[in-house]
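Okay, here's what each chain looks like letter by letter:
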Amino acid sequence: MPDLYDAILNGQATAAAEATREALAGGAAALELVHSQMVPAMDEVGRRYECEDYFVPELLLAARAMKAALALLRPLLAASGAEPAGRVVIGTVKGDLHDIGKNIVAAMLEGAGFEVADLGADVAPQAFVDAVSAESAQLVCLSALLTVTMPAMKTTVEALAAAGLRGRVKVMVGGAPVTQRYADEIGADGYGENAAAAVAVARLLVAE
Amino acid sequence: MRYRVDLVPLATSLEVERGASLEAALSPHGVEFPCGGAGACRGCRVRVIEGVLAVTPEMEEAFTREELASGWRLACRGRVESALTLEVAQWEMPVLGDDSTFAFEPAEGCGIAIDLGTTTLAAQMLDLETGAILAVKTALNPQAAYGADVMSRVQYAISGGAGRLTAAIREGLGELIRAMPRRESVRLAMLAGNTVMHHMFSGIDVAPLAQAPFQTAAGGERRFTPRELGWDLPDSAVVRFLPCLGGFVGSDILAGILATGIGESNPLSALIDLGTNGEIVVGDGRGLLCASTAAGPAFEAGRIRMGMRAASGAVAHVVARDGRLECRVIGESAPRGICGSGLVDAVAVGLDLGQILPNGRLADGAREFPLVPPVVVTQADIRELQFAKGAIAAGLRLLLKRWGARAGDLGAVHLAGAFGNYLNAESARRIGMLETPASLVRPAGNASLRGVKMALLSPSRRERWIAGIRGRAEHVALASEAGFEETFVNCLAFGMSDRIGI
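Chains as they are written, first to last, in numbering that gives the first Met the number 0: chain V, 0 to 207; chain F, 0 to 501.
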């Protein structure tokens with residue numbers, strides 16, 4: 000029986016759930032499992048992606064294994080009153096249907112201990128505003144895969160400002176055509192070049 | 000040392016470097032090489048009227064002794080060693096291919112068939128009375144200066160450049176037409192192109208194509224007078240841009256369906272146009288499902304480290320013999336890059352040799368897969384190809400699922416576009432891009448242009464054909480299909496299933 004770390008790294012969902020159950024039965028604390036196994040495993044997944052060892056299928060499989068474990072851990076974490084690493088709202092902006100990249104970032108953030116509200120794809124600016132208020136999110140992540148839908152990121156940032164939320168929520172943007180320069184241009188606080196980088200930037204933004 | 004090569008019946012002449020391949024010389028002038036220059040079909044055959052073109056073993060296979068004696072040769076195998084006058088067979092037949100529905104009906108005057116591609120323009124002047132091809136002209140789409148693919152052109156258009164794009168394409172085609180004979184007899188010009196090209200040529204706002212659900216209400220047929228386009232044709236001539244099918248799938252695919260006959264086929268067949276925007280159709284006599292999928296530029300060798308178009312110096316084919324790589328380079332020049340077909344072959348060979356793992360990773364932590372100095376395939380190149388082939392494979396799977404069929408039910412897969420001619424179907428299957436046996440894969444060449452010609456030359460049938468295909472073709476938005484993400488991700492890896500037991 001592999002431990003949770005290996006099960007996530009190898010993308011084995013059943014084994015990850017099994018390992019989690021076993022560890023809990025053996026007396027491990029949920030938060031301890033998150034910090035000693037899940038977060039390091041997802042960090043390693045991100046590292047392997049960055050050095051081109053892992054590709055999209057491996058990322059998604061690892062995310063699935065992580066989620067299988069998290070499904071068991073979440074009720075325990077909530078009951079123990081453990082604080083997440085941060086609260087995040089994420090979505091693909093209005094007009095854009097691509098959500099595989101966004102799903103990967105959402106999973107990586109979840110794997111890093113963040114609480115993530117995923118709004119899906121083709122999300123209107125107002126829906127982001129509503130979710131940020133409702134979730135009292137510290138970070139909102141906007142994804143776009145088409146140059147033609149990138150302007151919706153700007154509209155969303157403006158809508159957050161108009162709703163008076165820019166003071167308390169940080170904005171991170173990402174997606175294939177998005178650049179640091181564009182992030183700066185529209186007044187976003189951060190830019191995630193890929194899923195692994197997004198986690199690092201999210202940690203920094205939430206710590207600020 | 001350069002030799003003059005004259006091509007009849009269209010009185011085209013060119014200067015060719017001694018020893019150069021005829022394929023490389025004729026391809027830019029609109030001659031098609033249906034089997035990708037492999038010497039396997041007779042589609043590119045030419046008859047030597049003056050000069051000498053050596054007979055190769057492939058030509059001995061392809062022709063009878065009488066045919067060889069009367070000068071027939073395969074252009075794809077020929078090298079220019081003297082001045083030549085060649086009769087190009089495909090210019091004597093108005094329509095090439097296995098189009099069983101086609102029957103030529105003589106009509107008065109001349110017509111122009113135009114394939115308005117995102118990258119390339121192709122136009123042919125036809126004598127409607129005899130069906131003879133009077134001129135063949137090709138050029139690059141002048142809009143390319145404003146963006147290589149459709150989405151970047153859409154971006155340019157919605158940022159205020161729409162008028163410039165419309166003017167550029169109308170002028171570009173106008174110039175091709177100005178170089179054609181018998182313009183004064185033209186009654187009809189027919190164009191086909193994808194939805195973005197249709198809108199940009201017609202001067203229609205492309206904004207609906209810039210965001211979900213990527214549908215336009217303005218995809219119907221458009222008619223113009225030569226005067227409003229600034230074209231040098233009689234005032235009485237009619238210019239028709241054929242109607243789109245839905246989403247990004249335009250009349251180029253409508254014409255391709257007509258040319259390949261898949262709307263009447265039995266069993267189920269597929270038509271795939273491999274480009275940055277891949278278009279896929281499956282259907283038979285009962286109906287048609289079509290979709291487009293963003294494959295990215297890997298098939299055109301875009302975003303590939305040593306990628307280049309299929310021109311001289313490009314590695315176009317790779318095979319392994321006794322564990323050693325053999326690369327076929329276009330033209331006589333030294334290898335300097337790799338084109339789309341070479342990339343597909345290289346990865347297929349890498350998988351066979353175990354140098355690329357089924358998950359796409361280079362074995363033993365390697366960063367590159369060397370082909371022939373200085374050409375290499377990098378890890379990132381393999382990832383780009385995985386995205387491209389994954390998009391096509393997933394699109395086809397989703398359409399088949401919607402139809403209630405499986406890959407094994409397909410009786411034929413037609414590959415449209417120049418890349419389809421050069422792609423090795425075995426390699427495409429090896430990398431999991433196609434799941435169909437190579438024997439069922441048919442290069443369809445410029446099926447769009449062929450379909451437009453069929454319409455031009457069949458006046459009594461064409462309206463029924465066009466309306467019939469448009470009425471029966473249902474557009475599917477792939478991203479909204481159930482299981483899209485799962486299917487796409489499953490299609491990213493290089494499947495091993497067909498290798499087991501071999």
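Quick caveat, the hints were computed from the structure, so don't treat them as lab data.
For clarity, every value in this text was computed on a predicted model and none was experimentally measured.
Heads up, some of the hints might be wrong.
Said to hold, decoys possible - Label pairs and their in silico Cβ distance ranges: (1) F:Ala310 - V:Arg20: 58 to 64 angstroms; (2) F:Ala217 - V:Thr154: 22 to 28 angstroms; (3) V:Ala162 - F:Ser479: 48 to 54 angstroms; (4) F:Ala310 - V:Pro176: 25 to 31 angstroms; (5) F:Pro266 - V:Ala27: 56 to 62 angstroms; (6) F:Glu174 - V:Pro176: 29 to 35 angstroms; (7) F:Leu139 - V:Cys50: 24 to 30 angstroms; (8) V:Ala28 - F:Arg323: 55 to 61 angstroms; (9) V:Ala27 - F:Arg323: 42 to 48 angstroms.
Heads up, the beta-carbon is just placed ideally off N, CA and C, and yes, glycines get one too.
Verification of the supplied hints:
1. Range check, Ala310 of chain F to Arg20 of chain V: Cβ separation about 60 angstroms, and the 58 to 64 angstroms hint holds.
2. Between Ala217 of chain F and Thr154 of chain V, the C-beta spacing of about 25 angstroms keeps the proposed range 22 to 28 angstroms intact.
3. Distance hint check for Ala162 of chain V and Ser479 of chain F: the Cβ-Cβ separation is about 29 angstroms, which falls outside the suggested range of 48 to 54 angstroms.
4. Between Ala310 of chain F and Pro176 of chain V the CB atoms are about 28 angstroms apart, so this pair conforms to the stated range of 25 to 31 angstroms.
5. Take Pro266 of chain F and Ala27 of chain V: their Cβ atoms lie about 58 angstroms apart, and the range 56 to 62 angstroms holds.
6. Range check, Glu174 of chain F to Pro176 of chain V: Cβ separation about 33 angstroms, and the 29 to 35 angstroms hint holds.
7. Look at Leu139 of chain F against Cys50 of chain V: about 39 angstroms separates their beta carbons, and that is not inside 24 to 30 angstroms.
8. For the hinted restraint 55 to 61 angstroms between Ala28 of chain V and Arg323 of chain F, the CB-CB distance of approximately 58 angstroms keeps it satisfied.
9. Here the CB-CB span from Ala27 of chain V to Arg323 of chain F is close to 54 angstroms, at odds with the stated 42 to 48 angstroms.
Hints 3, 7 and 9 from the list above are not met by this structure, while the remaining hints are.
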